[in-house]
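K.L.:
Take these sequences, add in the hints, and give me the full structure.
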Amino acid sequence: TIRQFIGQCPQFNTNVYQELTLEQNLRFVCQMCNIPIYDHEKIIQKLLLKTGLLSWKKKKLCQLSGGMQRRISIAAAIVSSRSKLIIFDEPTTGLDPQTKRVIWSVIKDVSRQQRKSPIIMGQSFENAKFSRVKEKQPGVIITSHDMNELNTICDQIQIMSAGQIIAAGTALQLKNKFGSGFTLTVLSKDKPTNFQNAILIEKEISTNSKLIDQTGSVSVFSIENDNNQVKKLIVKLEQMQQQQQIIDFVIESTSMDEVFVTVGKMYKIANGDEHFDDQTKAQNHQNTIDQSINTVDEISQESQDIELNKNIISKQNLTQEQVKQILSPQRQKQSIFKAILYKMMHNDKITKSGIFSYIIMPMVLIVCGFLLNLVAHWIFNPMLEYAENQINNMDELCNLCKQFKSLDILVSQCEGYDAWGFQNLCQMISSQQGNKYQAPPIYYGGDVQVFQE
1 TIRQFIGQCP QFNTNVYQEL TLEQNLRFVC QMCNIPIYDH EKIIQKLLLK TGLLSWKKKK
61 LCQLSGGMQR RISIAAAIVS SRSKLIIFDE PTTGLDPQTK RVIWSVIKDV SRQQRKSPII
121 MGQSFENAKF SRVKEKQPGV IITSHDMNEL NTICDQIQIM SAGQIIAAGT ALQLKNKFGS
181 GFTLTVLSKD KPTNFQNAIL IEKEISTNSK LIDQTGSVSV FSIENDNNQV KKLIVKLEQM
241 QQQQQIIDFV IESTSMDEVF VTVGKMYKIA NGDEHFDDQT KAQNHQNTID QSINTVDEIS
301 QESQDIELNK NIISKQNLTQ EQVKQILSPQ RQKQSIFKAI LYKMMHNDKI TKSGIFSYII
361 MPMVLIVCGF LLNLVAHWIF NPMLEYAENQ INNMDELCNL CKQFKSLDIL VSQCEGYDAW
421 GFQNLCQMIS SQQGNKYQAP PIYYGGDVQV FQE
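The letter at position 440 of the sequence shown is residue 440 when you use full-length UniProt numbering, and the numbering goes up by one with no holes.
The set of hints was computed from the structure by calculation and includes no laboratory data. Treat each hint with caution, since some may be false.
Stated by the list, open to error - With a cut-off of at most 30 angstroms between alpha-carbon atoms, the simulated DSSO-like pairs for lysine-lysine come out as follows:
(1) 177 with 191
(2) 136 with 108
(3) 134 with 108
(4) 57 with 108
(5) 134 with 46
(6) 46 with 108
(7) 210 with 231
All of these numbers come straight from a predicted model, not from anything done at the bench.
P.N.:
Pasting the structure below:
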């Protein structure tokens, strides 16, 4: 299935378990991905070292900070070297700058380093060959509201609204298309002076500048991408600084945050009123299709070279059908079962309910079943013999009652005839013996009419 080729890092760390240690969490994922057991230690050590968590590998996840838990969640998403696509849902939301940079480094390495997927060839352990298949770098999709993060690690950026792509391209392309060139921030000594400086800069010093924000003693301007005008502006601002008209100023290139705001205003997405340009939508849609086709072509041309990982060093070419057979889901069932059992024994048994459900309750049921099997013979056999004797006695009494009835002799034990003249006692004996009771016809007088009840 396609899910075995997708790695996922959800927003709330639901792919890892709080009661497992870091090492146990990664070992569980290795088993679920059907990674050969001889490669587990190597992969776990490598991922823990890459995420800076090697010293805490014996700690339970619930004992670590939110940033450390996020790192192990990212590590669990990239365990499998067979993943064609890895999805990160807001990987660094709410984290400190240092942890963000660690995660950015891990994501960059995954998307750029070539991987080798370990496999086992053969039908038994005796004739098994441990090999590695060269894999293409996986595609990486990141959803994030941090524009700085996207600008740092993404090759392609797509801005979406209401489920549709409204802008796409590299960070530089988006800045050139939707950005104003540069951003100027001016700090004045007080609010009235800031107001006067803003008018002076926008209308006299730089006519290609536009005031986009003004708060207190700080004003922010957008400036067109004109190097000559920017040089003249810097000279005039330095003169104003020497004359103490302004305290300081900063000129920066357009940020992705400004691009996002500009796109939002262009397409009116801030108020939920999307008016897309049909030509832009069609072009973005076509670009997305072209990129998807190119990605599929790259995956279909994946190399089938095999490097044997034993005493001999050689290479072997496998066909696509052979690789599919080796990596088929049928060979994964045993590994997945072991992984789930491993997780249950290490995560669930620690809680009180887990101990009761997995250990105490099965033992109590087994002991009760064994004891019941021993005493059932002594309890139920006398009861069955007594019931059988009572039925026989009642049968004899019923026959005696019928004889008394034919002689019109009233006997206290034979009272209680039904509407047809039969004893209720005889009916009960018939039902106990498994005989189906058939009601006789009823005569109502007059013409002979028989009604079966």
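K.L.:
Evaluate each hint against the coordinates.
P.N.:
Do the hints match the structure? See the list:
Straight-line distance between C-alpha atoms of residue 177 and residue 191 comes to about 34 angstroms, which puts the hinted pair past the 30 angstroms bound. Proposed proximity of residue 136 and residue 108 is supported: the alpha carbons are some 15 angstroms apart, at most 30 angstroms. A C-alpha spacing of about 19 angstroms is found between residue 134 and residue 108, which places the hinted pair at or below 30 angstroms, so the restraint holds. Our distance criterion of 30 angstroms between C-alpha atoms is met by residue 57 and residue 108, whose separation comes to about 23 angstroms.
Proposed proximity of residue 134 and residue 46 is supported: the alpha carbons are some 18 angstroms apart, at most 30 angstroms. With a C-alpha separation of about 15 angstroms, the suggested pair residue 46 and residue 108 falls inside the 30 angstroms cut-off, and the hint holds. Between residue 210 and residue 231 the alpha-carbon distance is near 17 angstroms, which keeps this suggested pair within the 30 angstroms criterion.
Going through the hint list in order, the structure does not satisfy hint 1, though it satisfies all others.
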